[in-house]
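Got chain A; can you put chain B with the ligands on it based on the hints?
Given next are the chains, with one letter for each unit.
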Amino acid sequence: MAIDKIWVLAEERESGPTPITLELLTEARTVATTVEAVAWGTNTAALAATLGEYGATTVYDVGDVQGALPGVPVAGAVAALIAGGNVPDAILVPATYDGRDFAGRLSVKLDRPVLTNVTGLVAGDSLSSQHPVFGGSHIVTAQFTGPGPGIFVIRAKSFAAEPAGGSPAQVVAAPAPAAGSASGARILQKHEEARTGPKLDEASVVVSGGRGLGGAEHYSLIEELAGLLHGAAGASRAIVDAGWVPYSHQVGQTGKTVKPTVYLACGISGATQHLVGMKGSKNIVAVNKDQDAPIFSVADLGIVGDVHKVLPALIEELKARS
Amino acid sequence: MNVVVCVKQIPDPAAPASLDPGTKTLDRSGKLILDDSDSYGVEMALQLASGEGDEVTLVSMAPNGETSGLRTALAMGAARAILVSDEALAGSDALGTAKVLAAAIQRAQADLVLTATESTDGYTGTTPVQVAELLGWPSVTFAKKVTIDGSTVKVERQTEAGYDDVESPLPAVVTVTAGVVEPRYPSFKGIMAAKSKPVDNVTVADLGIDASQVGAAGARQVITEVTPAEARGGGEIVVDDGDGASRIADFLEQLKVV
Ligand SMILES: Cc1cc2nc3c(=O)[nH]c(=O)nc-3n(C[C@H](O)[C@H](O)[C@H](O)COP(=O)(O)OP(=O)(O)OC[C@H]3O[C@@H](n4cnc5c(N)ncnc54)[C@H](O)[C@@H]3O)c2cc1C
Ligand SMILES: Nc1ncnc2c1ncn2[C@@H]1O[C@H](COP(=O)(O)O)[C@@H](O)[C@H]1O
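Protein chains in written order, with my numbering: chain A, 7 to 328; chain B, 15 to 272.
I should point out that these hints are in silico values taken from the structure, not numbers from a laboratory. Warning: the hint list may mix true and false statements.
[As the list claims (entries may be wrong)] DSBU-like, lysine-lysine: derived pairs with alpha carbons at most 35 Å apart:
1. K11(A) <-> K159(B)
2. K209(B) <-> K270(B)
3. K209(B) <-> K45(B)
4. K196(A) <-> K45(B)
5. K209(B) <-> K163(A)
6. K270(B) <-> K325(A)
7. K205(A) <-> K270(B)
8. K159(B) <-> K196(A)
9. K158(B) <-> K265(A)
10. K203(B) <-> K270(B)
11. K45(B) <-> K295(A)
12. K205(A) <-> K159(B)
13. K265(A) <-> K209(B)
14. K163(A) <-> K270(B)
15. K265(A) <-> K295(A)
16. K265(A) <-> K211(B)
17. K209(B) <-> K115(A)
18. K196(A) <-> K325(A)
19. K295(A) <-> K158(B)
20. K288(A) <-> K168(B)
21. K115(A) <-> K38(B)
22. K163(A) <-> K159(B)
23. K38(B) <-> K288(A)
24. K163(A) <-> K211(B)
25. K205(A) <-> K209(B)
26. K196(A) <-> K38(B)
27. K205(A) <-> K168(B)
28. K315(A) <-> K209(B)
29. K159(B) <-> K115(A)
30. K11(A) <-> K205(A)
31. K265(A) <-> K270(B)
32. K158(B) <-> K288(A)
33. K115(A) <-> K158(B)
34. K38(B) <-> K163(A)
35. K270(B) <-> K295(A)
If we strip away everything but chain A, and leave its shape as in the complex, we get (with noise of 0.2 Å):
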């Protein structure tokens, strides 16, 4: 048995599919025969190109959620259609905040499980799917069981996207069923953080810090290192929960997955949720005083040095250079 057809959970950013979305598209190419994406909000005949470009023939659009927590209308959507006979092998759904409550939802109106922290598939009879554990030092290789298409929650960068020249996927209205009490949860207001220079999760360069820079104040070393090597700022949980960077610095399991060409931890001990969130960098340099961390089991370059000495003379550094 083959795998026929996959859907995609399609998420829009900046009026265009996000990256994790032409991610997944790829990947399911490369494993089924047909590929069809979902999709919300008002924006959808929009997005249909570039789905197309990258391999969805089909569209399904469950239309504008007017303000509700899209994980319910967009579950009862999916649910609605296979309800109707269409029925998909695999589900693939990126792993963000919507696309996790998506995938919570639509578990149990299928009453299929879900596998979670995916970061590659392996096509065989059936799916099989990749995770990592123990901070990424070994693999896990899972499959679903029993009847019915598989949900898989994949990490972003997991796969490199790449357009196929589609033409534009075609768009088929799937409204939401009436959700009854479990709908109720509503945006009220968004707000959005100012930033200034690359995506954390697009840019070539990452300067992260941690616990070591001692507090908030010393975040500004990161913030100028990051400036100078037009890359962006980065920050292990630890002093997110602390408070002294937003939630969207935040690089590791419960936060954004990074691949730069350079990672710079600075004050970051290493635990295996960083280590899930930066091991996939291309180079990565890490300065912390203790020699055991285990950050330096990653390094390429690793400094067994205090960043208060470390980091100012290498602003300097880098000033004097350019």
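Leaving out everything else, chain B with the ligands in the frame of chain A:
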């Protein structure tokens, strides 16, 4: 107001983790402790349910009648606990766990259910939303601030770029991030009081759940293989002798990022 907090009891994350050679799932046979991620939910619940007649109930599913993690949360101030422990539950997947938690929550007449966004050992992050769907309730995930206004819960929910103000009618499930509040340390008095707080031990049958739906029997995912990942290694580690900065600058220059 009755606030239920789902708390997971997990192997100590500081101890080296191991996989059960048979099922290749995490070995949970040793002593278990309160998942640190859930201490934020417990603290949040104690703050929200601080009025007259308010109560915090814990719900946990764990093997071997484990209560040490529950005692920690009871010592923080929760009033009671429901513990689901049953041999039939070994090997449950997140959906099986959610079915059990949802049934246990129904016994507690909750107005609000708090959980962590993800557990430290399983980190599927899907259990809470599955619970909400099973109960037919709304859910708001990734809360970084939670307030109650009458029969409405107001949440600041993390997003990729910032946060959203979200409102939901109660009852609802809310998942809280670490850092949402500072969990209190149990006082000596709290620890003593926790010893006599009620823990309701229930089985799968007590919850009216068909044993074939949960545990290994009901799980519909299997682990087929565990392999070592490609190691990175081969890096150069040098002690800073005042030349650390120039070493980094050289390395960056070599990569043509400066
Ligand atoms: C479910 C779950 C999800 C998680 N998700 C994430 C995630 O997405 N991202 C994440 O980062 N973490 C995550 N964590 C947290 C993770 O386990 C660690 O607690 C966190 O990464 C530690 O941050 P840190 O390295 O900044 O702090 P620490 O572990 O405290 O490390 C500080 C380091 O700084 C060094 N240091 C101290 N002073 C100096 C100095 N002057 N100069 C140089 N070095 C110095 C120390 O040697 C130490 O190695 C998660 C945890 C859980 C349970
Ligand atoms: N066995 C359990 N008992 C109680 N709560 C649980 C259990 N499993 C998961 N949870 C709750 O659901 C959250 C998410 O878990 P997970 O889906 O494993 O990432 C946890 O942080 C807990 O709050």
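Under the constraints set out in the numbered hints, which ones does this structure not fulfil? 1, 2, 4, 5, 10, 13, 16, 17, 18, 20, 24, 25, 26 and 28
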